[in-house]
Every structure is written in structure tokens, then in C-alpha cells.
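Q: Full structure from sequences and hints, please.
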Amino acid sequence: MSVEKLIFEKGAPGRRASNMPAMDVPTETIEDLVPAHLLRQEEAPLPEVSEIEVVRHYTHLSQRNFGVDTGFYPLGSCTMKYNPKVNEDMAGLPGFAHIHPLQPAEQVQGAIQLVYELEQYLAEIAGMTRVTLQPSAGAHGELTGLMLIKAYHQSRGEGHRHLVLIPDNAHGTNPASATLAGYKSVELKSDKATGGVDMDHLRQILDAHANDIAAIMLTNPNTLGLFEANILEIARLVHEAGGQLYYDGANANAVMGITRPGDMGFDVVHFNLHKTCSTPHGGGGPGAGPIGVKEHLVPFLPGPLPAKDEQGRYYWQEVGPQSIGKVRANLGNFGVLVRAYTYIRSNGPDGLRHVSESAILNANYVKHGLSEDYEIYYPHICQHEFVATARRQKEESGVTAMDIAKRLLDFGMYAPTTYFPLIVPEALMIEPTETETRETLDTFIAVMKQIAEEARTNPELVKTAPHTTVVGRLDQALAARKPNLRWTPGQEVTH
Amino acid sequence: MSYVPNTPEEQQAMLESMGLSSLEDLLAPVPANVRLNRPLDLPAALSEPDLRRVVTRMAAKNRNLDTAISFLGAGTYDRAIPSVVPHLQRRSEFVTSYTPYQPEVSQGMLQTIYEFQTMVCQITGLDIANASLYDGATAMVEAVFIALGPGGKGEVVISAGVDPQYRRVLQTYAFARGFTVKEVPTRNGVTSLEELDAAVTATTTAVVVQQPNFFGSIEDMQAIEKIAHKGKGVFISVATEPASFSVLAPPGEYNADIAVGELMSFGNPMSFGAPALGFMASKQKFMRLLPGRLVGQTVEEGGDKQTGYVLTLQTREQHIRRERATSNICTNQSLLAVGATIYMAAIGKQGFRELGQLCLQKAHYAFRQITALPGFEAPFAAPFFDEFVIKSPVPLARLEEAFTQAGIVGGYALDKDYPDMENCMLFCVTETRTKEEIDYLVSVLKEVQA
Numbered sequence: 001m002s003v004e005k006l007i008f009e010k011g012a013p014g015r016r017a018s019n020m021p022a023m024d025v026p027t028e029t030i031e032d033l034v035p036a037h038l039l040r041q042e043e044a045p046l047p048e049v050s051e052i053e054v055v056r057h058y059t060h061l062s063q064r065n066f067g068v069d070t071g072f073y074p075l076g077s078c079t080m081k082y083n084p085k086v087n088e089d090m091a092g093l094p095g096f097a098h099i100h101p102l103q104p105a106e107q108v109q110g111a112i113q114l115v116y117e118l119e120q121y122l123a124e125i126a127g128m129t130r131v132t133l134q135p136s137a138g139a140h141g142e143l144t145g146l147m148l149i150k151a152y153h154q155s156r157g158e159g160h161r162h163l164v165l166i167p168d169n170a171h172g173t174n175p176a177s178a179t180l181a182g183y184k185s186v187e188l189k190s191d192k193a194t195g196g197v198d199m200d201h202l203r204q205i206l207d208a209h210a211n212d213i214a215a216i217m218l219t220n221p222n223t224l225g226l227f228e229a230n231i232l233e234i235a236r237l238v239h240e241a242g243g244q245l246y247y248d249g250a251n252a253n254a255v256m257g258i259t260r261p262g263d264m265g266f267d268v269v270h271f272n273l274h275k276t277c278s279t280p281h282g283g284g285g286p287g288a289g290p291i292g293v294k295e296h297l298v299p300f301l302p303g304p305l306p307a308k309d310e311q312g313r314y315y316w317q318e319v320g321p322q323s324i325g326k327v328r329a330n331l332g333n334f335g336v337l338v339r340a341y342t343y344i345r346s347n348g349p350d351g352l353r354h355v356s357e358s359a360i361l362n363a364n365y366v367k368h369g370l371s372e373d374y375e376i377y378y379p380h381i382c383q384h385e386f387v388a389t390a391r392r393q394k395e396e397s398g399v400t401a402m403d404i405a406k407r408l409l410d411f412g413m414y415a416p417t418t419y420f421p422l423i424v425p426e427a428l429m430i431e432p433t434e435t436e437t438r439e440t441l442d443t444f445i446a447v448m449k450q451i452a453e454e455a456r457t458n459p460e461l462v463k464t465a466p467h468t469t470v471v472g473r474l475d476q477a478l479a480a481r482k483p484n485l486r487w488t489p490g491q492e493v494t495h
Numbered sequence: 001m002s003y004v005p006n007t008p009e010e011q012q013a014m015l016e017s018m019g020l021s022s023l024e025d026l027l028a029p030v031p032a033n034v035r036l037n038r039p040l041d042l043p044a045a046l047s048e049p050d051l052r053r054v055v056t057r058m059a060a061k062n063r064n065l066d067t068a069i070s071f072l073g074a075g076t077y078d079r080a081i082p083s084v085v086p087h088l089q090r091r092s093e094f095v096t097s098y099t100p101y102q103p104e105v106s107q108g109m110l111q112t113i114y115e116f117q118t119m120v121c122q123i124t125g126l127d128i129a130n131a132s133l134y135d136g137a138t139a140m141v142e143a144v145f146i147a148l149g150p151g152g153k154g155e156v157v158i159s160a161g162v163d164p165q166y167r168r169v170l171q172t173y174a175f176a177r178g179f180t181v182k183e184v185p186t187r188n189g190v191t192s193l194e195e196l197d198a199a200v201t202a203t204t205t206a207v208v209v210q211q212p213n214f215f216g217s218i219e220d221m222q223a224i225e226k227i228a229h230k231g232k233g234v235f236i237s238v239a240t241e242p243a244s245f246s247v248l249a250p251p252g253e254y255n256a257d258i259a260v261g262e263l264m265s266f267g268n269p270m271s272f273g274a275p276a277l278g279f280m281a282s283k284q285k286f287m288r289l290l291p292g293r294l295v296g297q298t299v300e301e302g303g304d305k306q307t308g309y310v311l312t313l314q315t316r317e318q319h320i321r322r323e324r325a326t327s328n329i330c331t332n333q334s335l336l337a338v339g340a341t342i343y344m345a346a347i348g349k350q351g352f353r354e355l356g357q358l359c360l361q362k363a364h365y366a367f368r369q370i371t372a373l374p375g376f377e378a379p380f381a382a383p384f385f386d387e388f389v390i391k392s393p394v395p396l397a398r399l400e401e402a403f404t405q406a407g408i409v410g411g412y413a414l415d416k417d418y419p420d421m422e423n424c425m426l427f428c429v430t431e432t433r434t435k436e437e438i439d440y441l442v443s444v445l446k447e448v449q450a
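Residue numbers (full-length UniProt numbering), protein chains in the order written: chain U, 1 to 495; chain H, 1 to 450.
Rather than coming from a laboratory, the hints here were simulated on the basis of the structure.
Bear in mind that the values here come from a model prediction, so they are computed numbers and not experimental data.
Beta carbons are placed, not taken as given, at the ideal position from N, Cα and C, and that holds for glycine.
Hints may contain errors.
As the list claims (entries may be wrong) - The list that follows gives simulated cross-link-like pairs (lysine-lysine, BS3-like), each with its CA atoms no further than 27 Å apart:
#1 H:K230 / H:K285
#2 U:K482 / H:K305
#3 U:K184 / H:K153
Unchecked claim - Under 10 Å between C-beta atoms, here's a sample of chain H residues computed to sit facing chain U:
#4 D127
#5 Y166
#6 V169
#7 L277
#8 D304
#9 P383
A: Here you go:
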């Protein structure tokens, strides 16, 4: 156990870690340039540290952090696959990294070409007509997609539609996005036997509220890792009721080249490029959440959109009056888009299908390996992920999903997603991804078996885990009860 | 190039260990009538060397600002980045980690974000800050959502001096959520105080003003604050150029309730405008209403009660509140926040002071030289920071042609967003421009005019 001091507790007055350019112009008195009452009074107390201190500090901090490059990261629904290094190099090329978003199109032909081509690739992968690259993350894509649906309904004089159907196993962003789009969520039950949408419940809701249904949001495969077998029937029923189908692409790592949201009947789809297309998660971003739409929604897309003229020149095409407007400044998370582009070009069509098939294989392999020691909530063939439950362990020895997650950290592995989906008690949601070797999967299975054994024979060991990390379990209740969100001089730190 | 490590033979052995014979067995749950029965229509796979060649050539078609002399700002700034920043930011333990849900193995990212939150407070002069948001525009919208509350209804007064892209984003969200937006015009390059005073009423929910504004002009935030706070509305200040916090009174010194904006230029490359780094700081009283991630300091449950960091106040967030959430933010911009943190640590207290002075003085030098040229006029007399508006005696197309030939990336043509500002260009001069480069710009302008 160890502590790294805060950067504010290091250094000494007068130290610095970088120089500013020279003041090579004649200067004027600052009070002559800015009225005194608009000048800063109190200097910002930023750190005063030398270059070596900065380097050691953040190097030490990085060493106190676990990434995919450190070890196995079976975090369900997060698709923590390996992030190829060449993608980083390509995004860092000065021709991509050092260009300004407002440069004239003639100066950034390569950049517009890249987004133009990426848009086409994503449309093909999803079975959609067009794509906007603006949304910055999955949740941003959801909100943008719902805005498009809203604009579409309004354009048809059906602005009264205000309900969005969301399954009880959906990601939390779905209902939150619906609320922010000015919609009301209606929870759709899962069928206990199949883990899919409860079709009777769907019919009931549609019968009762047909004229009010704006959309349904589905993840397929769903968060249980199960493919929705009734998808075409769901699409038919929702479309008949006048609603639109929104595809949450969080789990798209299971479908590339196998099936396409567009062919399943979806009208809007978002991609999580930071999941499916291997762009790194960066400790919680940046991501990218482009959305694809079918023909009837194209007029509502945010703009401008990349386009190519007859001479082969690329330009930004302004969008029409029905466009919802912009959902962020500039075109989207370009640096992330470059990485997704290179990933798609690396893999090609067969490679992407191989990615999805291998992700499904690895998930089923781990599920099979764990099935004796853990209850698998739905034992059917899974897709890219599955959900185990620790309720047996909890009943027998009081060891919870959280305890198992913490104990895994002691073995140099990250934890699965816990307590999600909400409909599964003591959930451990496991997504190994396609980029793990069989040996890593075997090690994970062996460790999980050992933890199950520990839960039987020495539950305290599991309940008090982790034991080998730089800090032990932290007091979350204290953090929320007495929030300390910033350092202040003289603050007491326990070392 | 495939990143799937297991060979076909190994995959076959894995299948057989489960009693299966082929991958097709695992695809059984996908109904035949939704299957794609052809390969995706995409270019064939490339080896890494081939990929490098193709993509490097695309990048080479862009004029990058390492080789051009840029006077383009308008919300995105060309800033010197110390070498330590990318070297440390790109450590793969940061780059390849997820949102730090398991704090015991994520202390590095959590502590860095805690330092980020602290530094954002230090530069803005406000009490608390969150862990980042997508960009300045969406951060501004999120601040408006705080003001609107769970119902999402109300009236937002915004200055036309706010970045036009930000205002367009606000309009988009207003359409979806159903709140109203009232725009207050600028006069002589700054927000019209009379018209702002008329627009802000007892029912105003939020007042949004940018400092310096889109024209680079310095707003009288002291006077604006009094107007903004005459009712119960939340006063939101926006900043796209964070170097201005070094010289100008920061939001905390003029009693802004929430400060939002763009911190990308602190340590992160422009990257065609994004990924960007939206920030949000506020007064303490908004703590439980802030969107996105918040990192807090705490201690261990047992043992030595050693200090550690966790994501906290998560009951605010979408994964807990679901349809009752006031924000749907999940992903933020952590890695860019790491870059900004290292940048601010590296430039430090002195560097931050110098940064503002450099931008201010260099921009004013350029302004004096340009306005000394016959025909090039400053339409506004308002004080400015590092951007200013020049009305050209010749059409901007001619200026742009001359700039292209001279290897200069010119300023932003304002008539695109403000139709009454014909031939007006917004020039930006940050610390990265030298006197020599500024003099060169002036010589090119002189020639165009002649």
C-alpha cells in the first residue's frame, strides 16, 4: 500500500517545467489594454514543479492505473479490446493532429476524404443510408438519434408521439437520453424464459398507446448477451404502430458482417467506435458515437456532411432546413474517427466478421468454463458477452458479486461489470472480447474457480479483497457524505 | 492485419472443448432472415505497412499548422505543447483504461482527474469542477440544463457574442427539450447591456455570456453580472480561450454561477477540432446538480485509513437515475483532461502568468501593425484579448488567395455567421506567433492592398 502525493504538495516556489516563447514584440502597460476592473485580481495558484518532478509524478500515477495493456479487462458491455498501436500513430500524424477545424476545405482534403469514406464504411456495416459523425459518445448518439426521430414525427404532423419503449435490461443512458429528448420512457419487460423482449407486454403497450409511441430503443444482442430472436416481428409491430426503431450499438462487436441493424428493421443506429472499432477508452473518453439512419431520416441529420464533387474534390455540404442543427461544435471526435478508419481498413470485410465471430467464441468459451462454479443467468448460447450471477455464493457464504470483482483485482485482472443488468441479482457481466488468447481466458477461468472455492472455504479472504492493490477498499459512503472534490492548501492527507 | 490472437486451429480446439464443431453453431441464435449473406462491401484488409502508406498520404494532403503560419482561432487555438505532455499522456496505462469503476486499480487516473478538477477551480476561481464534458458547446448546454432543472423548461437568454456554433447547438437541444432561447445582440463588438437588461426578466432561467466573446472582445462581466442576477436566473459564463483566465478576471471573481468552455488547447492537439475538452466549474451550491463524473478524495474503509480517490456522488448520474437523470452523460474526455492537467503542471504558476501576457501583447502588436495599414480598419473599439476583428478594404476572397500563396492560414471570415459583417475577418494571435511572423502577415496585407 502506498500513496502518491498530489502535484500541489510537490515542488517549490519559482520552479517550472517548461518555458514560454519569448516576448519578442514591444509591450504596452496592461492597464492601457484592459480596464482595471476586468483584470484578474488573484493569481491562479497552479503547481510550481520542475520537469523531472512532472515526469516522475505522472509516470508514477500511470503505474497506479490498470489498462488493457496491463492485463485482462472482462468488463461487460464495455468491449475492452486491444487498441492497436498503429492507430495511435496515424491519428498523431501532423496532417491530422495539427489541423484546424475552420481551415478552408482546399487545405484539408485528406481529412474530409477520411470522414467521407468512414461514413460510407459505417453505413455499410450497419445497413444504413447515411451517417453523421458528430455525436461524441454513445449517449450523445442516442440523444441525437431521438432528436432525429422527434423531428421526423413532427414533420409528419405526429409531434404528439412522446413515449419511448425501453427494455428493463437497457443501459441507463437510454432512459436518460429519452428524458433529455423531451420524451417519456416506458419500461418494457423481458421475457423471463428467453431473456428477450416480452412480446405480450410489447403488444399490450402498443395496443394501449399506439398513437403515442415515438420509438423503441433496443440493444441487440441485448445486455444479457442474447440475440433478440423476435427482432423482425418487433420491428413490424412498432412500425405498424407508427414508431421508429433505435439500435443501441453498444453491443455491435457481436454483429459485424453477420447481421446488420438496418436489415433487422432499425431506423437509427449508433456506433460506439471506442468499443467496436478499438479506439482506446482513455480512462473514460474520448469516445465517438456516430449514428446511421435510413433514407427517411436523412433530411434531419445534423450538418454539415462531407461530400465529393464530380472532380473528386471533397467539401462540406450544408444541410437543408429540416436538419435538427448541430449537436456539438465542429465535426465530431476526429482523432477517434481516424483510429476507427484505420481499424476498419486493417481488418477489411472478412477481418471484421472474424472479429465478431471470435468475440462470440471467446465469450462462450469463458461461459462454458465458469458454468460449474457460477450460475449462468441464461445458459443459452451467448453472443459477445454473458451474465453470471453470484447469488449462490451470496446465499452460501455471504460473498457478493462486488467481493468477487474485488478479489479478481488481486490476480492482476480487471473486474467484470457488476450489478448490471439490473434484472439480474448479483450480476457479473463478462465480455472477454476477441483479442484475448486462449491462455488468458483459461487463466481467468481458473482464477474464477479459485475464487468460488475461496468463497466456500475462506469467505473472509474474498470479502476483504483486494489485498495486493495500492489501496484497499475505499470508503465510498464517506466520499459521498463529505464530498472533497478538490485540493485546498493545508488539506490533510493520510499517508 | 488481424488483432485476433488465436489461430483457426486453436479456435477449432476451443469449439471442440465445448462440444461444438464450428463457429456457425454459435451463430444459431441469429435468425436466418436477418443474416447478411454476403461479405461487407468494404476495401480489402491492409497490412500495417500498406495501411501506413495509405493513411500517411491522406494526412499529407492536409496543410498542417506546423508548416503554415496560422492566425485562425474562433474557438480552436494553436498552442505550444511542452514535450512532457504527450509523452506522459500517452502512457498506455492511461490510454487503455476504462472509466475508473474499480478505484483500487485506477488510482492513477482518479488522482489525475482530482488534480484536474482542482486546477480548473484554480484557473476559473470557482469552488468545484467536474471531470470534463465532450466539448465547450455541449458543456454550455449542460450548464443550461442545470439551470432548467428536471422539468427542462424555461427561458434562456444568450448573447449573440457567444460562439455561433455553440448557439446552434443550444438551439438544437432547445428544440428537443422544449425550452426557449432569447438572443441578445452585440453592439460595437460587445453584448448590448441595454438590450440584455430588457431581455432578462423575473422568469429568466439562465443568462449565458462568453468572455472574451466570439469577436475576441472583452465583455464588461461586472456590469453583465448585475443584470444577469437581477432575477433568479443562473449566470453562466463561457470561455473558448482559457489563456484569457490568466489576464482577465476569471468567472469566480465576477460572481458567475457556472463557468463552462473549452480547455482542449491546454496540452491537446487541435485534431481538426476534436476530441475537445469541455470543462465545467461552479459554485459549491451546484455540487449535486453537476453532470458527468466527479472524483472525490476519501480514505480506505479499513487498514491504515490511507488516502485514495473514487468516483463519487454517482446518484446524480444516468446509470442510477435513469429516466429521472438531468444529464445522460456517461463518457467524458478523461484522456484530454490528463493532457490538460500535465500541461498546467508543466507551465505552472509562472508559465500561466506569462501565457496570458504573451497572447495579449502579441495580439495587440499585430492589431497596431494591421490597423496602421491604410484601409484596414477595426470596426470595434472594445478592449480585446488575443483575437480581434479587422474590416478589409478588399474582398476576403482576395485576402485568402494571398494568404494561401504566402503559406499563411488567415483568420475567420465573419460574414458566414454575421451577414452584416461583410469583409470582416477575425484574427487570432496566440503565444505561438513570433514578431517575425506577424510582420510577415502585415507585409502580405500591405501588398494585397497595393
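Q: Against chain U, run the beta carbon of Y166 (chain H) and see if the smallest gap drops under 10 Å.
A: holds, 6 Å
Q: Can we keep the L277 (chain H) interface hint, with Cβ of chain U closer than 10 Å?
A: holds, 9 Å
Q: Next pair to validate is K230 (chain H) with K285 (chain H); report whether the Cα-Cα distance is within 27 Å.
A: Judged against 27 Å, a Cα distance of about 19 Å means the pair holds.
Q: Is the interface hint satisfied for P383 (chain H)? The criterion is a beta-carbon contact with chain U at less than 10 Å.
A: holds, 5 Å
Q: Do the numbers back the hint for V169 (chain H), that is, is its least Cβ distance to chain U under 10 Å?
A: Cβ of V169 (chain H) sits 5 Å from chain U, so the hint holds.
Q: Does K305 (chain H) lie within 27 Å of K482 (chain U) when you go C-alpha to C-alpha?
A: holds, 16 Å
Q: Does K184 (chain U) pair with K153 (chain H) here, judged by a C-alpha cut-off of 27 Å?
A: holds, 15 Å
Q: With chain U as the partner, please determine if D304 (chain H) meets the hint condition of a C-beta pair closer than 10 Å.
A: D304 (chain H) check passes; min Cβ-Cβ to chain U is 7 Å, inside 10 Å.
Q: Does the nearest C-beta of chain U fall within a distance shorter than 10 Å of the C-beta of D127 (chain H)?
A: holds, 8 Å
Checked against the numbered hints given earlier, the structure satisfies every one of them.
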